Every structure is written in C-alpha cells, then in structure tokens.
Amino acid sequence: MGYGDVQMIDEKGNRVDGRKAGDLRPIEIEMGVVPVADGSASVRWGTNYVIASIYGPMEAHPRKIQRQERAVLDVRYNMAPFSTTDRFRPGFNRRSREISKVTAEALESVVLLELYPRSKIRVEIEVICAEAGTRCVGLTAASLALADAGIPMTDLVVSVASGKINDVVVCDLNKEEDNYGEADLPMGILPNSGELVFLQMDGDLSPEQFQEAWDYNMNAAMEIHVMMKEAIANKYGGES
Amino acid sequence: MGYGDVQMIDEKGNRVDGRKAGDLRPIEIEMGVVPVADGSASVRWGTNYVIASIYGPMEAHPRKIQRQERAVLDVRYNMAPFSTTDRFRPGFNRRSREISKVTAEALESVVLLELYPRSKIRVEIEVICAEAGTRCVGLTAASLALADAGIPMTDLVVSVASGKINDVVVCDLNKEEDNYGEADLPMGILPNSGELVFLQMDGDLSPEQFQEAWDYNMNAAMEIHVMMKEAIANKYGGES
Amino acid sequence: MGYGDVQMIDEKGNRVDGRKAGDLRPIEIEMGVVPVADGSASVRWGTNYVIASIYGPMEAHPRKIQRQERAVLDVRYNMAPFSTTDRFRPGFNRRSREISKVTAEALESVVLLELYPRSKIRVEIEVICAEAGTRCVGLTAASLALADAGIPMTDLVVSVASGKINDVVVCDLNKEEDNYGEADLPMGILPNSGELVFLQMDGDLSPEQFQEAWDYNMNAAMEIHVMMKEAIANKYGGES
Amino acid sequence: MMGQPLVPTLLRKHLAELAARDERADGRGRWESRDLSVEVGVLERAEGSAKVQIGDTIVFTGIKFQIQTPYPDRPDEGGLMTSVELRPLAGRHIEPGPPSPESIEMARVVDRGIRESGCIDTKDLCIIAGEKVWQVIIDCFAISDDGNLFDAFALAAIAALHNATLPGERFDIGEDRPLPVNKTPIMCSFQKVGGRFVYDANREEELGGDERIHITLGGDDHVHSLQKGLKGAFTASEFAEIMDAAKQRCAELKKIVDSL
Amino acid sequence: MMGQPLVPTLLRKHLAELAARDERADGRGRWESRDLSVEVGVLERAEGSAKVQIGDTIVFTGIKFQIQTPYPDRPDEGGLMTSVELRPLAGRHIEPGPPSPESIEMARVVDRGIRESGCIDTKDLCIIAGEKVWQVIIDCFAISDDGNLFDAFALAAIAALHNATLPGERFDIGEDRPLPVNKTPIMCSFQKVGGRFVYDANREEELGGDERIHITLGGDDHVHSLQKGLKGAFTASEFAEIMDAAKQRCAELKKIVDSL
Amino acid sequence: MMGQPLVPTLLRKHLAELAARDERADGRGRWESRDLSVEVGVLERAEGSAKVQIGDTIVFTGIKFQIQTPYPDRPDEGGLMTSVELRPLAGRHIEPGPPSPESIEMARVVDRGIRESGCIDTKDLCIIAGEKVWQVIIDCFAISDDGNLFDAFALAAIAALHNATLPGERFDIGEDRPLPVNKTPIMCSFQKVGGRFVYDANREEELGGDERIHITLGGDDHVHSLQKGLKGAFTASEFAEIMDAAKQRCAELKKIVDSL
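Protein chains in written order, with my numbering: chain A, 2 to 241; chain B, 2 to 241; chain C, 2 to 241; chain D, 340 to 599; chain E, 340 to 599; chain F, 340 to 599.
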C-alpha cells in the first residue's frame, strides 16, 4: 500500500487506460455458454473472463447438508490454472474458500430458497482469465446464471468495486491500478432496492473517501444492471 | 540419551530447581474453566498449562462409530501453536495421535460407558503451555473434567512420570531435566485400587531402577490425588 | 526414448540376459500365500515379486458404491516402500491410481459380477519387489487370486508386455532393457477366446512393429496360461 | 467444520419479539457490550500474548516469531500471518477436522484489520535485507465460544502485538527488543437480530440472527477493513447507524488496549 | 469423483436396437464426428491456448511455462506436465474434490500421446544446462462435458502447443520465441455402444456403452499411445477395424491443426 | 482405519470359559508362542530385510537408506525412521486410507524399542559431519494379520537391521559395508484374555480380549520400552508376572536373531 511515487492519474483526471474516475471497464455478457448446465453465463470485464454455471435444484446429499424448510446453495469460486500470469496451482486455497463463502451468503439473500425444501442448487464460478475484481465479476456472473436457470430471485445482484490510488478514489480498478491500490471496496448491490448483500473492504479510507467510493459503486451498479437486463432480454425476449 | 557429562543433581541430591528426587513440581487445579462446556478443568503443573473440556453424553454420529451397548469416548490431545518455544504447526501429528489413543484407552477403563449406550462423550485436551510431561498433565486434567461433567467413573485417573538423569531415578522431570533424561516412565494410576490404566516407557532402566521409578510414581499419585479431591470439593462442597 | 547407441541385442539376436526376442523371463506362481485371505497368489517374474489377495464377496459399503444388480470390484495396486531401488514413498500416487483403474476394468470384464448383487469384492495387489512390467504381473496375480478365492470368471486373465529396443521388437522387457526401451505394449488376454480386456501402449511403433509386438504377447500368453493352470491344478488337483 | 444447527424458528420468534420492544435476551442495550476483560503476558512460551474474555467467550492469542527469507521483490520487508484455531475444546458445535470456512474467514478478517491499518511496518521486521526477515505469527485460539469470536480474536491480537518482544537472543541475532507497533486498529462486529443490528451478539443471538458486519477502524475513524457475513440484505441507513456505533465503541476499546 | 450413475438398462436396450439397425441416436454414422471447431490464442493469461468444441462438449487448454532445475541425469532437458481439471462447472455428474480416477486417467493418456510422439524435444527447453530449463505445463480444463473429453483435450493440447510462446521476457532470459513443436500427434477415441465400436461417443452413448479405446497416432500411422478403459472385452478384428478408422480420422484432424 | 468390530460377546464368554480352565482356544499354554520362523535377505530391492511368520501372521520388514543433512545441533548423527504399512492386503478388517491410529501406534512402539536400546549408534551413520549422514528407514509391511503384528514387526525389524548393508556404492560414497548394530532389543506382547494375560495372542484372542502390554528388553533385562494399549486396568502383580515371562521369552528370541 502507498506507493505514492508512481503516478497513476494525470493532472486532467485521466487514468492509465484513459478512463475518468467514475468509468467502468468494458463489460460483455453472454448467456447460456455451458450447454449441459441448467443455466449459465459468462462475463468479460476488462480482461477478466468468468464463467458461471448452475445445476439444480436437485436432491441435497449428503443428507447432513439437507435443510427441511429450504434449499441450500453450494457455491464454489475457483481460479483456473491458466487464469493468472504465474500459473495458479489447483487445490485448497484460503482466499477461494472465503470468496466462495461470502458469495454464497450474498446469493442466499436473494434466491427464494424456501421454494425448494430439502434440495440443493449448485453454483459453479470459474475464473478463466483474471485481471482485478474477479470476486465482483464472479458474483455478477453467478446471478446471471441463476436467472438463466430460471431460479426465482427477489432481485439480481450487481457487484462492483471502487478503490483508491494516489489518494484519489476511483471506480473499478484495473490490474495495473490494483497493483498500486491503497484501498478496495467491493460491494454486492440489489439494483431495485439499493440494498447490499455483499460488502468487503481493505486498505485505508477516510470517512469522506469511503462515502465517495460507496457512491461510485451505487452508480456503477445501475449502469451494469442495464447491461444485465439487456443480455437476459436478448436471450428470452423480455425484461428480467 | 546419555549426556552424562552435564551434572543435573548435586552431591546433596538437590535437583536444578531445588527439588529432592521424589518431589513434584507445583501443581494448581482449576475446575469449570470453559463456561460453555459440560465439564472442564485446567491443570498448571510446573509451567505446563493444560485445559480439558467435556461435551456429552450426546448422540454418537457418524453412525458407524456407534456402539449398541455402550458409549464411545472421542478423545483429542492437541498442542496449541504457541505452546512450545518453536511454534507448533497445527495439523496432523503422529505423536498427538498416539497420545490421544492411549489417553482414550486409559479413560475408557474407568468411565461407566455402559450407562450411555449408542452415545458419545467428547474429551478435548489442549496443551496451552508445554513443559515436560504434558501427556500426564492432560490425562489428569481430562479425568478432572469428566468429574466436573458428572460422568460416573470407577475412580479418578492420576497420571505422573518418573525418569532418570545422571543415572539417578527421580520423580517428575522438568523441561531442563527432560532434555538430558535417560529414561521416562509415565503411568496412569487409579488411586483407590492402585491399578494402572496407562503405562508407557522409553529409555534405559535396569530392573532395580525400574522398580524405583514405579514406586516414585505410586507415591506421587497419592499426593496428587489429595489435590484433585480438594479441587473438586472446593467446587462442589463435598468429597469426590 | 531412443538411446540408440547402447547395444542391447547382439548380432546373434541374444538379449543382455541371454534370452531370444520372444522369450519370457522365469515365472514362478504360488497359490494361497496369504492365509487369512479368501484367496491369494504370488507371482515371481524375473525379480518382480507381487502378492494379490481377495476378500469377499462382502456387503458393499459405503452404500453409495453399491450396485443393485451386480458386485463391484474394489481394486488397489500399490508399491511397497522397499519394492524399488530408491525407497518408494507411501501415499497418493497418480500412476498407481491409473493402474488400479485399468486393472479393475480388466477384471470386471471376466468376473461374473451379476452373481453377487449389492456386494463388493476386494482385490489387493502389492508389489513387493519391482523390476519391469509390474502392472502385468499384478493383473496376472490378481486373476490367480480370484481363482483361488473361488470367484466365478469367464476366463483367467493373462497379462504380458512386449516392447522395442534398438528398433527391434522383443517380448517381456527386463529392467535394463526397459531403461532403454523405445516402446511398451502391455496387454491383458483371455487365453480361451483370445479377446483383450486390458491394453495400453506408449512409445513409437510402426504398424508392422505393432503387429509383431501384438503377436509376441499372444504367444507368450498361451505359455503363461499353461503355468497358471498347473499352479491351480497343483493346489486343487484339477484343471482350472 | 461447524455443524449445521437446525433453524431455530422458535428462537428467531423470541428474539424478534424482544427486538420489537427494543430489548435483548440478557437485558443489554443494542450497542452494549458484555463484561469484557483483557490480560496480556499470559502465555509462558509465546513472545507476546493476551487473554480476552467477553461474557462467557474466552480466547487466547499468542505471538510467535520465525525467521524467513524475504520475497525477492520486497527484500527488506518481513511477513505477517494470522491463524485461527477453532478447536472442539471451545464448544459443542465445533467439530474436529481441517480449517472450516468459518475459521478461515475469521483469520482473514482479523488479519486484514491488522495488516491494512499499517500498525506493523513490515520494514521494521528486516534483519538483513534480502537474506533474513522476521515473520510475525498471530495465533488466535478459542477456549470458550459464547458468541462474537471475531471481536475477541481481533482485540486479543492487537493487545498481544503490543505485548510482543522480538526474540533476538533465541535466534542469535542481537538483543531482545519490543516489537514496534504503531497503531491500534479495533474491530467491532454487529449482527442483525430480530430485524435490527446489535453489537456483540452472544451465541444465542448468532444462532437466531441474520447477517453480520465487521468493521475495523484506525485513528481518525479511518476504515481499514469491512466484511459482511451470512445471509441477509441491509440498507445504506442501517450501515450508517452501525458505523456510528462502531466509531464510538472502537474509541473506547482503543483506550483499553493503549493503557495495558 | 464422478458419481456412479445407475446402470441405464433402458438406455442400453435403446442403443442396442439402434446399433442393430446400424444407426446412432443423433443420426450419425459409426465413424462420424459431431460438429467440431478449434480456436487458438483464446486465453489472455496463457502462453498458448486453444478452445475445442465438439457438439456440446467444450474445453479450454492453456499452456503455461515455469523454470525449473533439470534432473541431474538429464541436465539439458526440460520438463512436460499435463493436468486435467474436471471442475463441477462442466456437468451435473462431476463432483468437487481431489482428482478423480477418471481425470487422472485422462491426464495421463493425453500426456502420453504428446510425450511419446516426441513432438516436444525436451532439449529445446534447455536454458542453461544443469541449471535452468523450461517446464511446459498443459492445463486441460472442461467447460461443458457432453462426452468424449479425451479427444477434445488431446486436440486442444496439441493445438495450444502449436500456438505457444516461450516467455523469455517475463523471466528475464532473452526474447520471447515460439515453442518448437515438431509433430502433430492426434488422439481418436472409440466406444463400444450396442455391441459395436463407434467414434466420438456423446455422453448418452458413454453412459449406455461399454469399453473405450483411445488411439494416438503420429506421422506415417505410427502408434504412440493406446489405452483401453472401462469394462469389456474386444477381439483382434474389432481392434483392427477401429485402428483403420483412427488412421483416416487422425489424418483429417492433423490437417485442421496444422492449418491453424 | 481398522473397522470397529461388534463387541463379540459370545467370543468373550467362550474365551473366559477357556481361561477358567487355564486353556487357550488353540491348545497353547499361557506363555507359549505359535510356530515362529525368521528369514533374512528376502527382499531383492532392500538393503536389509526379514520375513517373520508367527502362526498365520506374516510380515516383511525392509531396510532402506537415504542421505540427509544432519540437524544443526547434532551434526555428526544420522537418522532413524520406522514406518508401518497396514495395507488391506493383510486382512479383511484393514481398510485403505491414511495411517490408522493402530498403525501409528505400532510404528512408534517398534521405533522406540529399537531407538532406546541404542542398538544403532547414530554417530555410526555420519558420512561428513554437518553435511551428509545416513538415514535408516525401517519399513514394516504386513502380508497376513492373524494377531500379534507388534511382535512380528519388532522381530523382523531387528533381524533386518542385523542383515543390512550401507549402500555406499549406490550413492557414490565409498564401499558398501554392513550396518553396525550393537544390540538385539526384543519385544514381547501380552494381552489380557478371559481375565488373565497371555503371550502372543492370535487375532481371535485380540478380538475377544482386553488390554495389551508391550515390553521391549535389551541385555541384562534392561527395559527400553513399554506400552499399554486398549481399554483395561491391571495390577502391579499382574505386571510383575508378565515381566517375568517377557524376560524368559526375550532371551530365547534374542538367541534366534543373533544366530541368523
């Protein structure tokens, strides 16, 4: 943190890739990319490339994970071995475990689990290419894949992060910025209610900076929500 | 073994910490130290500090460990990472597995397991600070915790070790002595019957030395038994 | 592969251990070598020494491996730690897993599994001394052990490999030849029908060389089959 | 892995009724803590240690040091590692086995609060640049879990760091000296119980509650770490409310740690 | 581990009836492939990559390089490693957990085809003899499994190798240069379905089929790797028949790869 | 892990009746061994080996050597490691998987008997002080378990050590030479069956028996290792009785090993 001597924003407020503080990287959504799945979607976001697939609702087994009154979500976030510059070694990984857990908890907050007692819904998130912000891309892709699978939800989840570089708050850090980032605030937002189902943060933000980052995320979420609705409408010919 | 050139006992028979051959290190017992457990006790013994807690009797699961006619004891002996001078790495450890096994077998010899068919009693032993003789301290603490949990036993188990340094048999080696020890004879004694439920030994003892170490342990066990009864009486206002 | 400058066959077609191209190493079979097993056999083949034992048919558990209409074979191929020049470290091993899988599939092709619905037959293969071709020795030993256990089979399985050195196809490579081998073609043959239940190959064989190696294996299988029948007859006083 | 308790419908109902009357089961106010004590220097074999008791929740944290080779791209910086051990000693609901997702999350959240606050300057851990640096290991260990282990661990961790000594003599690299710790980051955790957030939930409230928010603040109310855990959605105004409570409580706890 | 599907008696009967009429469920001929496409250079972070789609089966293969110390007895030879990841993303039947016997077998069979063909000369991977050599890692990753992953992975692997660049610049050892790949080994897989072998079985045929044979051929129809998998016995004449089919199909696929 | 056999109530009753008449199921006396044989030099790839058969119990022990760096505080001492493999080959009751508590206990008890007797002087294993020392690995491997594996492994281990050769040539550090072994520690195991201890329990007696005591004696009846296993309590006089039996039997077995 705090490599203040590397200048990542010029005097005109332009970032290294030409974006302004509040701009998102390019985002491209594709529905139904895993033909054998019950639902799937991919999201390209900058050079991030994440695929999510859904299987279920199906019988929950082993028995001990079954819940009498609702479905359980079995969520796995994973990085493919070729997703990073240095090969990412398959196997147990504490970071992936934590992201899987908070992603599951975010999705459990919107999926109508009570509709499927004793069952399990598998949510598989694979990072094919990683840039910065893969957990946000993954959560967004998973929510699209659930929609593709026809699993009823109270809302889509839109996830995006803002951060800080050179003591300036900006939206959606790319990889180069992330290397010099001084803070990161990823959020999972329900675009219809404005509620949050996912929130993390690390680094250093003053109360004012924190508010600024929060607001960037809220605005960006609305922008992404439009793209998500379009992608769904393109496939199903209607509004989500 | 056999670093005979380091003098650990002086000509008057005084040991490095001032004890005589048959003396124990200071022992301090506290009952009920884990508020959420069904029973618990801690034992400080020299600079050893061990906590034991009991959960159960409860339903034994998974099923395959269940026994139709009696309870099973599920005993775990473990060293906390900060319990030793060099950090003790958590995870699988052959020594801990062996100690857990022989401790379980010692306790199974006194707990009235037939009273609780199909159930499980969990015995958790954590070494918070390790000096020398942690397996004896752990077994003693576990037997106190079982008493605190009100689990019926035929007797308490008192565990203590004697050993040999400079070819002299002494009781209850401390850490410094243990480093130069030539033998170690830990025993688990039922103070009312004088029977043994736990016995290990390694090193080198002549038949006569072996008898001497055995006798030290038997005497020490009676001494410790008095302290154990006191600690229980202090909590429950009666004799165990 | 392709260390063509080491001469492993002389101008008269003699191999380093004096064998001709189509000759097998010495083979010795012993039945019933594991007294506590339901069936067992050992095969010494060159300096290979492999023991196989059978347990079952027994109830298949855990339940999820059970098959309503037939038995399952639970096959394990393993190398003992002292079976190789450099100590073979116990534990997970990808090569052993693959050999266990293809060995199981070969045996499943001959055992009358439908006779034992919901049950399991354990096939344990341990390499005590390894030379070259242990997978063939193991499969052959397992089929003998199944016969010793009285498990009905459509045929014995005879397994043998041919290979290539100095661009010459020869039968049953020994360890020294294997080190310089340019191809290896292990097969599992049903001697009565001539069918195959096991086939692997690696290296480089022209179509003609491939046919030559195939034919060596077929001939060798008939030779080994005679020894197998003898070993069974010696124990049971009849023809297999 | 922690067992999956059955959803305690009755408990949830009971807690909701209490919340409707602005009450808690044990009589506390929404932002009120249980009795809390912190002791340092309690572990004979650790180079720094603390014991924290919050109600019937008891934890130890021990600091151990190891020597390691620095990363090539940061030759003069030491390392920091946080481990959480939820051994079955500490509760009926804790099962033996490899680290559960819960314990991994705790370790990572406690670690981020310490790390991101900059309270340890990793350059202070350099022994010989490019060759030898100190690694600080923070071992969090639960003795009794009656809820809110997150705050207990985080508090014990920063207290133990303030209590720690770099063991130069044991490693033959000069004299022992206190570990430099520049700041006092404090974590406060809130759980939604009966539809509203409360501070310092006990285990009963955890079982019958919804989402949890962990906030770590440094000086001047700077935010260093946030984590939302468990199922549930919250609004911006709910968040603002607990952030205010956190600012007040963090300041109180900081005073306690700084006075040890 | 892949789940154990119930033996699909009805499916087997159905497939046997089709086979009796020399038909397949999707209308293909015995030796006919599903629609197949190969794309290279599709993975941003890999040094070589390919995407193969065969019907509804989709896989990626990425090539990554690492630097390692050579084995003392082969000081001037680099290394080659093939890994197969069957993540539960790619099918309802794939369970999470450590590598299944199926994925281990796939990795080893794909690896042998590449390795034994000699398409990579490990001496081309030497950087400094006895000190530093390249290790080529072939990561096969399934996106959607509708059968015949073996061929999809093998095809993606050789295509990705032809597409790969040795990343000298990233490791500060000279310029980037194409990985030398001398040959194009091709795997063709056959499964016995309804009593006769067919090429490119889809997942339904896999479920209702018997033994499987994998053949990897190089130039001049040289055989580099064989593997028989699953329960079943086959005759010499059955083998001769699929070997003929393999020779023809391998030549077609080789053209596709060599033209990329 | 070994399966949990159902408590064999009938078997226990039967064994108790036999014990009441001072008999054993197979007609042996209390301190009588089953037929026992020891062969050495039986494993082609090991540097020392032995096969021990006691009744229907059969085991192999192989000695392998590796070169390792000595511990800094003991620069001129080699290492010793004992491993026990209870593979499912050796009995219906043995399940595959990671080392069971039973096999760990066996390995540790066999190891202590060897180690504490001082039969291997670890200084004899020094090659270059501070740089290279031999590690002796004792691999105990069960072929057929009909009870009393402890004694079979311990006997095979000391016999194999006496048979072992330091493989200097294979590691390019001088000539092969016999491993110096100065003593012959012997283990004798006793199990309480039907209320009294017997020597060399077979598997039936193990299943229907109670606690077990393992005694390792060296020269002049010096005790080197003791272990009590399984549930049960015993008196001082019971222990004295089996110690006497152990002294006699250990002397007999020592003669057998020393005469090989």
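Misleading hints may appear alongside valid ones.
Said to hold, decoys possible - As a list, the in silico DSS-like pairs of lysine-lysine whose alpha-carbon atoms are at most 30 angstroms apart:
{"#": "1", "chain 1": "A", "residue 1": "K65", "chain 2": "B", "residue 2": "K230"}
{"#": "2", "chain 1": "C", "residue 1": "K21", "chain 2": "C", "residue 2": "K121"}
{"#": "3", "chain 1": "E", "residue 1": "K390", "chain 2": "C", "residue 2": "K102"}
{"#": "4", "chain 1": "B", "residue 1": "K102", "chain 2": "F", "residue 2": "K390"}
{"#": "5", "chain 1": "E", "residue 1": "K570", "chain 2": "A", "residue 2": "K176"}
{"#": "6", "chain 1": "D", "residue 1": "K570", "chain 2": "D", "residue 2": "K471"}
{"#": "7", "chain 1": "C", "residue 1": "K176", "chain 2": "A", "residue 2": "K65"}
{"#": "8", "chain 1": "D", "residue 1": "K522", "chain 2": "D", "residue 2": "K471"}
{"#": "9", "chain 1": "D", "residue 1": "K471", "chain 2": "A", "residue 2": "K102"}
{"#": "10", "chain 1": "C", "residue 1": "K13", "chain 2": "B", "residue 2": "K65"}
{"#": "11", "chain 1": "B", "residue 1": "K236", "chain 2": "B", "residue 2": "K121"}
{"#": "12", "chain 1": "E", "residue 1": "K594", "chain 2": "C", "residue 2": "K102"}
{"#": "13", "chain 1": "D", "residue 1": "K471", "chain 2": "F", "residue 2": "K586"}
{"#": "14", "chain 1": "C", "residue 1": "K230", "chain 2": "B", "residue 2": "K121"}
{"#": "15", "chain 1": "A", "residue 1": "K102", "chain 2": "C", "residue 2": "K65"}
{"#": "16", "chain 1": "C", "residue 1": "K230", "chain 2": "A", "residue 2": "K121"}
{"#": "17", "chain 1": "C", "residue 1": "K121", "chain 2": "E", "residue 2": "K462"}
{"#": "18", "chain 1": "D", "residue 1": "K586", "chain 2": "D", "residue 2": "K570"}
{"#": "19", "chain 1": "C", "residue 1": "K102", "chain 2": "C", "residue 2": "K230"}
{"#": "20", "chain 1": "E", "residue 1": "K594", "chain 2": "E", "residue 2": "K462"}
{"#": "21", "chain 1": "B", "residue 1": "K65", "chain 2": "C", "residue 2": "K65"}
{"#": "22", "chain 1": "B", "residue 1": "K65", "chain 2": "F", "residue 2": "K570"}
{"#": "23", "chain 1": "C", "residue 1": "K230", "chain 2": "F", "residue 2": "K390"}
{"#": "24", "chain 1": "E", "residue 1": "K570", "chain 2": "C", "residue 2": "K121"}
{"#": "25", "chain 1": "E", "residue 1": "K462", "chain 2": "C", "residue 2": "K176"}
{"#": "26", "chain 1": "E", "residue 1": "K390", "chain 2": "E", "residue 2": "K594"}
{"#": "27", "chain 1": "E", "residue 1": "K462", "chain 2": "C", "residue 2": "K65"}
{"#": "28", "chain 1": "C", "residue 1": "K21", "chain 2": "A", "residue 2": "K65"}
{"#": "29", "chain 1": "D", "residue 1": "K352", "chain 2": "A", "residue 2": "K65"}
{"#": "30", "chain 1": "B", "residue 1": "K176", "chain 2": "F", "residue 2": "K462"}
{"#": "31", "chain 1": "A", "residue 1": "K65", "chain 2": "B", "residue 2": "K176"}
{"#": "32", "chain 1": "A", "residue 1": "K65", "chain 2": "B", "residue 2": "K65"}
{"#": "33", "chain 1": "E", "residue 1": "K390", "chain 2": "C", "residue 2": "K230"}
{"#": "34", "chain 1": "F", "residue 1": "K570", "chain 2": "B", "residue 2": "K102"}
{"#": "35", "chain 1": "B", "residue 1": "K102", "chain 2": "F", "residue 2": "K586"}
{"#": "36", "chain 1": "F", "residue 1": "K570", "chain 2": "F", "residue 2": "K462"}
Claimed, not checked - Partial selection, computed: residues in chain B whose CB lies under 10 angstroms from chain D:
{"#": "37", "residue": "I52"}
{"#": "38", "residue": "E132"}
{"#": "39", "residue": "Y181"}
{"#": "40", "residue": "N235"}
The hints are simulated quantities; they were obtained by calculation from the structure and are not laboratory data. Every value quoted in this text rests on a predicted model; they were computed, and no experiment measured them. Note that beta-carbon positions come from the ideal geometry of N, C-alpha and C, so glycine has one too.
* **Unmet hints by their number, sorted upward, for this structure** => 1, 2, 5, 6, 7, 9, 10, 12, 13, 14, 16, 17, 27, 28, 31, 33, 36, 39, 40
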